[in-house]
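Colleague: Chain order of the listed sequences is A and B.
In this text, residue positions in the first sequence follow the numbering used here: the first is 371, and each later residue adds one.
In this text, residue positions in the second sequence follow the numbering used here: the first is 92, and each later residue adds one.
Calculated directly from the structure, the hints in this document are not laboratory data.
All C-beta atoms in this analysis are idealised placements derived from N, C-alpha and C, irrespective of residue type, glycine included.
Listing some non-contacts, in silico: residues in chain B with all C-beta distances to chain A over 12 Å:
| hint | residue |
| --- | --- |
| 1 | 213 |
| 2 | 259 |
| 3 | 393 |
Computed beta-carbon distance windows for the label pairs:
| hint | chain 1 | residue 1 | chain 2 | residue 2 | range |
| --- | --- | --- | --- | --- | --- |
| 4 | A | 619 | B | 173 | 54 to 60 Å |
| 5 | A | 459 | B | 349 | 37 to 43 Å |
| 6 | A | 512 | B | 345 | 32 to 38 Å |
| 7 | B | 123 | A | 573 | 30 to 36 Å |
| 8 | B | 345 | A | 573 | 24 to 30 Å |
| 9 | B | 173 | A | 608 | 47 to 53 Å |
| 10 | B | 291 | A | 436 | 49 to 55 Å |
In silico EDC-like cross-links for lysine to aspartate or glutamate, where the CA-CA straight-line distance does not exceed 16 Å:
| hint | chain 1 | residue 1 | chain 2 | residue 2 |
| --- | --- | --- | --- | --- |
| 11 | B | 269 | B | 218 |
| 12 | A | 436 | B | 320 |
| 13 | B | 255 | B | 290 |
| 14 | A | 376 | A | 411 |
| 15 | A | 500 | A | 583 |
| 16 | B | 124 | A | 525 |
| 17 | A | 631 | A | 608 |
| 18 | A | 395 | B | 416 |
| 19 | B | 101 | B | 260 |
| 20 | A | 395 | B | 232 |
| 21 | B | 134 | B | 110 |
| 22 | A | 435 | B | 377 |
| 23 | B | 122 | A | 525 |
| 24 | A | 435 | A | 463 |
| 25 | A | 435 | B | 320 |
| 26 | B | 399 | B | 202 |
| 27 | A | 395 | B | 421 |
| 28 | A | 522 | B | 132 |
| 29 | A | 436 | B | 377 |
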Amino acid sequence: MSELIKKAAALLESKSVQVVIGYGKGTGNRTRTIFATQVTECENLIFDSRCVQNLAVYLTKLEIKKLGKPAIVAPVPVLRSILQLAVENQITESDLVILGITSESELIDFESFAAIETFLTTHKIEIEEKYTKTIDAIKAMPVAERFAYWVKELESCFKCYACRGACPLCYCTRCTVDDNQPQWISVASHPLGNLEWHIMRAMHLAGRCTDCEACYNACPMGIPIHLLTKSMLQDVADNFGSYGPSLDKQNTLSSFKPDDKESFIR
Amino acid sequence: MQTENYLIRKPSLEKLFNDLIGGGKTIYAPKAKGDLALFSDVKTYSDITEDYIVTANSAKLVVFPRTEKLFSYHKSKEKTEITDAAGSTFPDVVLWGTRPCDAAAFIPLTDTFNGDYKDIIFNNRRERVFLISFSCSRSDEYCFCTSVNSGPGNTSGSDILFTKLSGGDYLAEVITPKGQLLVSENSDLFETKSEEDKEQQLAVVATRFNQVEIQAKLQNLFENPVWDDKSRACLGCGSCAYVCPVCSCFDIQDEAHGNKGTRLRCWDSCGFGLFTLHTSGHNPRETQGARWRQRILHKFLYVPNKSKIAGCVGCGRCSRSCPADINILDTLTSL
Chain A
371 MSELIKKAAA LLESKSVQVV IGYGKGTGNR TRTIFATQVT ECENLIFDSR
421 CVQNLAVYLT KLEIKKLGKP AIVAPVPVLR SILQLAVENQ ITESDLVILG
471 ITSESELIDF ESFAAIETFL TTHKIEIEEK YTKTIDAIKA MPVAERFAYW
521 VKELESCFKC YACRGACPLC YCTRCTVDDN QPQWISVASH PLGNLEWHIM
571 RAMHLAGRCT DCEACYNACP MGIPIHLLTK SMLQDVADNF GSYGPSLDKQ
621 NTLSSFKPDD KESFIR
Chain B
92 MQTENYLIRK PSLEKLFNDL IGGGKTIYAP KAKGDLALFS DVKTYSDITE
142 DYIVTANSAK LVVFPRTEKL FSYHKSKEKT EITDAAGSTF PDVVLWGTRP
192 CDAAAFIPLT DTFNGDYKDI IFNNRRERVF LISFSCSRSD EYCFCTSVNS
242 GPGNTSGSDI LFTKLSGGDY LAEVITPKGQ LLVSENSDLF ETKSEEDKEQ
292 QLAVVATRFN QVEIQAKLQN LFENPVWDDK SRACLGCGSC AYVCPVCSCF
342 DIQDEAHGNK GTRLRCWDSC GFGLFTLHTS GHNPRETQGA RWRQRILHKF
392 LYVPNKSKIA GCVGCGRCSR SCPADINILD TLTSL
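Working from the sequences, and respecting the hints, build out all of it.
Modeller: Structural data, given as structure tokens:
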């Protein structure tokens, strides 16, 4: 990725940005995020199939914002998150430079968020068949069995909130689960507390989640929590016709339109 | 006590397991889940996996559960009735398949719960735990037990340590009187031991740093760019603390339902933004860098200053589980 390195170095050299957020070599076969503030550090940038962490998560973090204007290495899942963050007014065009990377690992420039949206129209979110099959099987279970399935799956959850930490869209400075006056959901990691947390997390991401799987990749216990968000994506598509970030349509579930269907009111 | 050596044949392991289950013990052992192994409540011997370096979760859950009821209360017009959980009957637990690092962790963990206040619930649970550890024949780049006074065949903390020998049978080192009792109760399974070389069966774990030197360096490193540099990618989750076999910070939560409720002790982590946040809104550890410093200083300066040993056993779980690949060895070796 010599082209990426050259481009990143040039951005720092010209002082167009103060930091380049990208992927570097990690321990074992893993990658680790690099925050390059010096031209020489750009040499450590890499991009390959192991680079799956969603770097958009750093755009809203206080410690990273302090470093100054960033350039961010953005493969397709990161681009989706950037667009959704733009929809939610968390980032502005002039405050970052996007080092886009296509699915063919080619560099691509984006002059605006609208350009990202245009690009993404040819890169729609697609839920793989292995997941749709699992989700269909879970949905076909009788209620009691489905409930037992999730209680069992969430049994090993100890509420470390890595799923929350890794998600670019979990940027609330104070999460509902951390509120205690009043306490909305149980903080304890018992079966009820675990269920409450994961249901709340999935619901809060309904219509916003861009299916990057960062939550699942971060979970130290290997719990398939991405099945919940994938299922929500399907539900949003079935009921509202589309999913995926859109500057024009705004948030599917939190935008009111006079011609919205009201068939759910009984 | 003097360690006594025995030989246990491979098939006898299963028999020992079944005898313990038959005797009413709860057994926590490594069970495969996808690519991971997790300490789980296991009832059937065949559910145990041998394919793991260390489990993803730590064995501390049997003495320091993620959620522990301290007491329950019931209010009526006349009085408030309190039922102290310390009076509960705690299960007899056998930890099967702990690694030497896991067993060693019980020493600093027990210290923490026996400082100025002797924690009755913790001690009641601890007394009922029996540790059957298995030496390590494999290690990975995240392991550093030999740098914190442990090692792949270390016996500290275990009641019995099994080491797999080249023929497939196991060397059984009996370390405590509790261990000796188990052997005498199952004497048909244990044979008098020959002098086979244990060392050659063990994984090689290189020494990565000198703990005493690290402790000395940390005295003067409170203000240092290393904390921000090494924690920049931190996502502010509690994964490192929750998989750690030594981390023991907790938070108290009350759960009320009408006129009754419970007080719970729940795990807490220095990685969280809420950690040590004052009511006033001030937080002495406002950034992830300050929180990462707290984690390192606690384990390698504060704990050793107090009790000579580190608050870390070198299992490497924190580094393996970190979603941002923040590596504790990387920080320690760069000081």
